[in-house]
Amino acid sequence: MHTIGLLFSLTGTTAFTEKAIFDASIFALDEHNANTIHKQDLIQLIIRDIQSDPAETRKQAEALAKEGVRIFIGTYTSACRKAILPVLEKYGCLLLYPALYEGHETHPHVLYTGEVPNQQVDTMMKFIIENVGPNIYLIGNDYIYPRETNKQVKKYIKSLNGKVAGEHYYPFGHSQFTEECQTIINSKADAIFSTIVGDSLIPFYRTFYRLGLNPKKLPIFSPITKETEIKAIGEKYCAGHYGGGSYFQSIDSPENHAFTAKMKSRFGEEIVVSSLMFNTYLGVKMLLDELKNDAAFDYKNVLLSLREKTFHTPCGPVKIEKNSQHLSRPVRIGKIDSSGQFSIVWDSKGAVQAFPYFKKKANFFELEQLNWKKAVQGWAQVSDEMVIVINDEQEVIYTNPSAAKELRLHIGHLFTEEMIEDLKMQYMYHSIDLDVFKMNKVIILKPKKDLAQSDDEKKAVVTFHNIHTRNPVFQNELKVARGAAESDANVLIFGETGSGKEVMAHAIHKESHRKNGPFIAINAGAIPRELIASELFGFTDGAFTGAKKGGQPGKFEAADGGTLFLDEIGDMPLDLQVSLLRVLESRKVTRLGEHTERPINVRIIAATNKSLKEEIAYQGSFRSDLYYRLHVLSITIPPLRKRMEDLPQLAEQFARHFHLYYGKGPVQIASDALHLLQTYQWPGNIRELKNIIERAFILAMNSDFIGKEHFPAELMFNGPSRSNNGPQSLQDAEKQLIEEAINKIDSMSGAAEHLGISRSTLYRKLKTYGLKNGSFK
Numbered sequence: 001m002h003t004i005g006l007l008f009s010l011t012g013t014t015a016f017t018e019k020a021i022f023d024a025s026i027f028a029l030d031e032h033n034a035n036t037i038h039k040q041d042l043i044q045l046i047i048r049d050i051q052s053d054p055a056e057t058r059k060q061a062e063a064l065a066k067e068g069v070r071i072f073i074g075t076y077t078s079a080c081r082k083a084i085l086p087v088l089e090k091y092g093c094l095l096l097y098p099a100l101y102e103g104h105e106t107h108p109h110v111l112y113t114g115e116v117p118n119q120q121v122d123t124m125m126k127f128i129i130e131n132v133g134p135n136i137y138l139i140g141n142d143y144i145y146p147r148e149t150n151k152q153v154k155k156y157i158k159s160l161n162g163k164v165a166g167e168h169y170y171p172f173g174h175s176q177f178t179e180e181c182q183t184i185i186n187s188k189a190d191a192i193f194s195t196i197v198g199d200s201l202i203p204f205y206r207t208f209y210r211l212g213l214n215p216k217k218l219p220i221f222s223p224i225t226k227e228t229e230i231k232a233i234g235e236k237y238c239a240g241h242y243g244g245g246s247y248f249q250s251i252d253s254p255e256n257h258a259f260t261a262k263m264k265s266r267f268g269e270e271i272v273v274s275s276l277m278f279n280t281y282l283g284v285k286m287l288l289d290e291l292k293n294d295a296a297f298d299y300k301n302v303l304l305s306l307r308e309k310t311f312h313t314p315c316g317p318v319k320i321e322k323n324s325q326h327l328s329r330p331v332r333i334g335k336i337d338s339s340g341q342f343s344i345v346w347d348s349k350g351a352v353q354a355f356p357y358f359k360k361k362a363n364f365f366e367l368e369q370l371n372w373k374k375a376v377q378g379w380a381q382v383s384d385e386m387v388i389v390i391n392d393e394q395e396v397i398y399t400n401p402s403a404a405k406e407l408r409l410h411i412g413h414l415f416t417e418e419m420i421e422d423l424k425m426q427y428m429y430h431s432i433d434l435d436v437f438k439m440n441k442v443i444i445l446k447p448k449k450d451l452a453q454s455d456d457e458k459k460a461v462v463t464f465h466n467i468h469t470r471n472p473v474f475q476n477e478l479k480v481a482r483g484a485a486e487s488d489a490n491v492l493i494f495g496e497t498g499s500g501k502e503v504m505a506h507a508i509h510k511e512s513h514r515k516n517g518p519f520i521a522i523n524a525g526a527i528p529r530e531l532i533a534s535e536l537f538g539f540t541d542g543a544f545t546g547a548k549k550g551g552q553p554g555k556f557e558a559a560d561g562g563t564l565f566l567d568e569i570g571d572m573p574l575d576l577q578v579s580l581l582r583v584l585e586s587r588k589v590t591r592l593g594e595h596t597e598r599p600i601n602v603r604i605i606a607a608t609n610k611s612l613k614e615e616i617a618y619q620g621s622f623r624s625d626l627y628y629r630l631h632v633l634s635i636t637i638p639p640l641r642k643r644m645e646d647l648p649q650l651a652e653q654f655a656r657h658f659h660l661y662y663g664k665g666p667v668q669i670a671s672d673a674l675h676l677l678q679t680y681q682w683p684g685n686i687r688e689l690k691n692i693i694e695r696a697f698i699l700a701m702n703s704d705f706i707g708k709e710h711f712p713a714e715l716m717f718n719g720p721s722r723s724n725n726g727p728q729s730l731q732d733a734e735k736q737l738i739e740e741a742i743n744k745i746d747s748m749s750g751a752a753e754h755l756g757i758s759r760s761t762l763y764r765k766l767k768t769y770g771l772k773n774g775s776f777k
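In the numbering used here, the protein residues as written are 1 to 777.
Straight-line C-alpha distance at most 16 Å; calculated EDC-like pairs for lysine to aspartate or glutamate: (1) Lys548 / Glu180; (2) Lys664 / Glu694; (3) Lys66 / Glu89; (4) Lys285 / Glu31; (5) Lys262 / Asp30; (6) Lys479 / Glu511; (7) Lys216 / Asp337; (8) Lys155 / Glu167; (9) Lys549 / Glu179; (10) Lys158 / Glu130; (11) Lys335 / Asp347; (12) Lys262 / Glu31; (13) Lys82 / Glu56; (14) Lys292 / Glu31; (15) Lys549 / Glu180; (16) Lys19 / Asp49; (17) Lys216 / Glu130; (18) Lys151 / Glu167; (19) Lys322 / Glu308; (20) Lys285 / Asp41; (21) Lys515 / Glu56; (22) Lys610 / Glu496; (23) Lys163 / Asp190; (24) Lys767 / Glu734; (25) Lys548 / Glu179; (26) Lys510 / Asp488; (27) Lys126 / Asp347; (28) Lys613 / Asp625; (29) Lys735 / Glu694; (30) Lys264 / Glu31; (31) Lys549 / Glu594; (32) Lys231 / Asp337; (33) Lys664 / Asp704.
In case anyone wonders, no lab produced these hints; they're calculated from the structure.
Put together the whole structure using the sequences plus the hints.
Structural data, given as structure tokens:
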């Protein structure tokens, strides 16, 4: 007997959608058990309410996995799906994921039965631009699926010569859309592409209807709004708008008539059947058929057995792809009628292959598989070096065993510039552009153990997210940070100005279970006293003179499900400290001008450059009860002058950053220049170092490396800057660079070419800086 864990939000913001797909999965499982002859083929169910919360999802999945559950169905949102991927890997589990999603993932422990963007979004954009108009407004909830999907949407729109008329995202549960509807009208959009989900769907469509907006002139296209959502919103509010997917209840075929009749027999005549319900039912049936042949469950065997199988379904033939665990399937676009059903206005008339990763050409995937693998794979399989292949979208499309084991990279991971910089610090890094193979790139990594090292370099580097240090004191603080990331406790970060307190806070957030939620930062010392309360807690319409019409949520609400970083907490006024303490204790926030308490799920990280104990004891400017509430865990970031062994790495990291930013310039710093940097006291800490390196980088733009001569004079005196103005500004550095060019070169074209700018830009800058150009020919 197999046990399956159902992970659905039976409460929470996406509950009304997930309840329907939960019912579909229960129906398929009950149907299986009712038709099972042998006891060992029966399925036992364990149901868990994940409450639309990624942290709760991971907690429940891990608990079930520890009890021996190896098969899961559900999760719905991408944030919840991604939250349990480490659990699947750790325990050898399989997830059946039935929802449409943003793509960019082919995880070896997941079977995907929902649509990917090229099956819904590509066809929908093409239909809109050809039949409605080229200007499309993007609106959605603020989480992974809408933002990642719309990255691809914008590429599709551009490739079809369309235009993004505007773009906006809202937190889960947002209900005030009047102002946004007016913004959309003003944008002159021809259509709206909506990725709004859950509770926000109802007010969005109803506001649109209430304002008298005509779907004939401004239709909403949504891959999410289907029969279940339409019923919850109300048919009249949705009529005239559009949806897309493989399955509609209105498909006129004998197979679909039989399927819907079966669903109505189980759930009643009033039931509406959506594509999500169909995807869930289909996926469960596929999975259960395979489990009959796999008494000792192994997720690899199940997926291998399902590969390339074709199933005849109510939406037409579907096939499990060989290489991606997704389904090729028919695709349709439907217009919502007054009964809440879809009239099909476009039909692919055949299966559309699933491409989880955005491709510029329809056959790019096949070319990719054939070409680079022939050139790379045979060598990479036996090499001791770590070999990674990424495409032009910075996505990993291949790792050899060494890279997979050492870096834990999977196909579909985004290989960001930040990751590249981190790897360059730890490994010998080399990349080769495979121009002949359609912009793929091979990255080769080798440990630096064979390189000659200085005494500082011989010290072990401790890494926490994107923070690296050889300093023993700071390494101990990173241990605390790692512990903080594994909990939800409040954290108080101490450190001088410019020492990297926000970088630390962001690292804790990205290493925590809240990493897929928002990270909202606010500087309590930089906001006028009279505005802090409205920024933090939000306000309602008319709460004060000049209040924005319709009100506005505060930072606490914006950070719901994620982390709120309160910088310079020591500068917060005492009366606001009382309000903050109340929110921390009650986990509820009240907007200015109203009495309704709104529950929030926010992790607080605060930071200060002051000694709060002294502020409490001697100044009376900070509340002791708030201090102890925030000071559950504390981290002290040493000033740069006390961690000089990290300075060369930081300086070179900044140089590489500016090289990537400007697209040229040096990436190396001369050894005597690095030594000079280590003799300076750095009163402005890492922020000052970054400014100094940027100034030097600009002056050394056409050199092979940054030398001592590119640094400001104050560094030569082995002490802090003697000027109140700090390091030379970028404008001064640019002016000096132009002066050097015009003194060396006697033609405008030559000087412009030397500087890497156009003649017209050089003329403008000469005028801006009051430089003479009389010597030019």
